[in-house]
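Once you've looked at the hints, dock chain B with the ligands against the given chain A.
Line by line, the protein sequences are chains A and B.
Sequential numbering of the first sequence, starting at 6, is according to our numbering.
Sequential numbering of the second sequence, starting at 12, is according to our numbering.
It should be emphasised that the hints constitute simulated quantities derived from the structure, not laboratory data.
Be a bit skeptical, because a hint or two may be false.
Using C-beta positions, here's what the derived DEER-type ranges look like [said to hold, decoys possible]:
#1 B/N16 - A/T15: 50 to 60 Å
#2 A/Q7 - B/V138: 14 to 24 Å
#3 B/L103 - A/I42: 30 to 40 Å
#4 B/E102 - A/I102: 20 to 30 Å
#5 B/I75 - A/T15: 30 to 40 Å
#6 A/S57 - B/I75: 39 to 49 Å
#7 A/R76 - B/K84: 52 to 62 Å
#8 A/N78 - B/K140: 22 to 32 Å
Here are the computed lysine-lysine pairs in the DSBU-like style, where the Cα-Cα straight-line distance is at most 35 Å [unchecked claim]:
#9 A/K100 - B/K140
#10 A/K101 - B/K151
#11 B/K151 - B/K81
What you are looking at is a predicted structure, and each value in this text was computed from that prediction instead of being measured.
Ideal Cβ positions, reconstructed from N, Cα and C, are used throughout, including at glycine.
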Amino acid sequence: MQIKFSNRGTTLIASIIGELDHHSAEYIRQKIDNEMIKSTNKNVIFDLSKLSFMDSSGIGVIMGRYKNIQRLNGKMAIVNTNAQIDRILEMASIKKIIPVYEKLDTAIGALQQSVR
Amino acid sequence: MQPINEMNLEFISKSNNESFARIVAAAFVSQLDPTVEELADVKTAVSEAVTNAIIHGYENTTGIVKMNCKLYKDSVEITITDKGKGIENVELARQPLYTSRPDMERSGMGFTVMESFMDKVEVFSEVGKGTTVVLYKTFKSLRK
Ligand SMILES: Nc1ncnc2c1ncn2[C@@H]1O[C@H](COP(=O)(O)OP(=O)(O)OP(=O)(O)O)[C@@H](O)[C@H]1O
Ligand SMILES: [Mg+2]
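So here's chain A without its partners, still in its complex pose (with noise of 0.2 Å):
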């Protein structure tokens, strides 16, 4: 399991790559919340496009990180391809209130357009 940051003005993109279950999700939630102290990220996106399994822990992970973007007015934004990962997003009704995209790039746009 593997994280990678990258930025689009104020935007982080978290790329989560391999497993994200209980064991790793301490790991992911440190890091995130580690680069999101940076004043210049205000909205995230999860990229889960590598990611390649994720159960309930991964709930924990992106509604936890959701309640402290939202406290600070910044916005999220999910991109998936993975049709066991999008059950439980559905499951877990994150997809009504984080929208959730196939591609990056529609993702990074959506965000730039709510944000303006």
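Just chain B with the ligands now, with coordinates in the frame of chain A:
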């Protein structure tokens, strides 16, 4: 009904073993040759039950988690057991969004995920004695 194959696995309640257990379960079940999606369903449900045993059953202390897998012609039965603290109210615990640990960023969706990815989920638990979760799934791709 006699299973056509069966295996047992025992490991200590370390979070590294969550991926170990679900990969073992998937490898064993793959003998039946189900679809990739069906295997992912099994992996996810096993991950939920094993994670619960580790974080709720043993609350991050050291204990033994057991997994038994029985294979039938077109179905699987997986039993995951811990000798941890047990569940006081199983019906409440199985409710979507119910968690006893919101402080740990748990979402209370583990049992709901197990129920939706498998055909049937049984829970036997006694406070102070431990918890047993039985996961059942028939592989529709093999039902021909
Ligand atoms: N093996 C177990 N031993 C003791 N308590 C358990 C066990 N499994 C589940 N529970 C109890 O049942 C509750 C619900 O479990 P469930 O997996 O649905 O949610 P969660 O683990 O709290 O959150 P999530 O799985 O979404 O991260 C838990 O919060 C816990 O109180
Ligand atoms: Mg759980």
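To see whether the hints hold, each was checked on the structure:
A C-beta distance of roughly 55 Å is found between B/N16 and A/T15, which places it inside the suggested range of 50 to 60 Å. For the hinted restraint 14 to 24 Å between A/Q7 and B/V138, the CB-CB distance of approximately 40 Å leaves it violated. In this structure the supplied range 30 to 40 Å holds for B/L103 paired with A/I42, their Cβ-Cβ distance being about 37 Å. A hinted range of 20 to 30 Å for the beta carbons of B/E102 and A/I102 is consistent with their spacing of about 28 Å.
B/I75 and A/T15 have their C-beta atoms about 49 Å apart, which leaves the hinted 30 to 40 Å range violated. About 28 Å separates the C-beta atoms of A/S57 and B/I75, a value inconsistent with the hinted range of 39 to 49 Å. Between A/R76 and B/K84 the beta carbon distance is about 53 Å. The supplied range of 52 to 62 Å therefore holds. In this structure, A/N78 and B/K140 break the distance hint of 22 to 32 Å, their C-beta atoms being roughly 48 Å apart.
A C-alpha spacing of about 38 Å is found between A/K100 and B/K140, which places the hinted pair above 35 Å, so the restraint is violated. A distance of roughly 30 Å separates the Cα atoms of A/K101 and B/K151; the hinted pair therefore holds under the 35 Å criterion. For the hint pairing B/K151 with B/K81, the CA-to-CA distance comes to about 17 Å; that is within 35 Å, so the pair holds.
Against the hints set out earlier in the document, violations occur for numbers 2, 5, 6, 8, 9.
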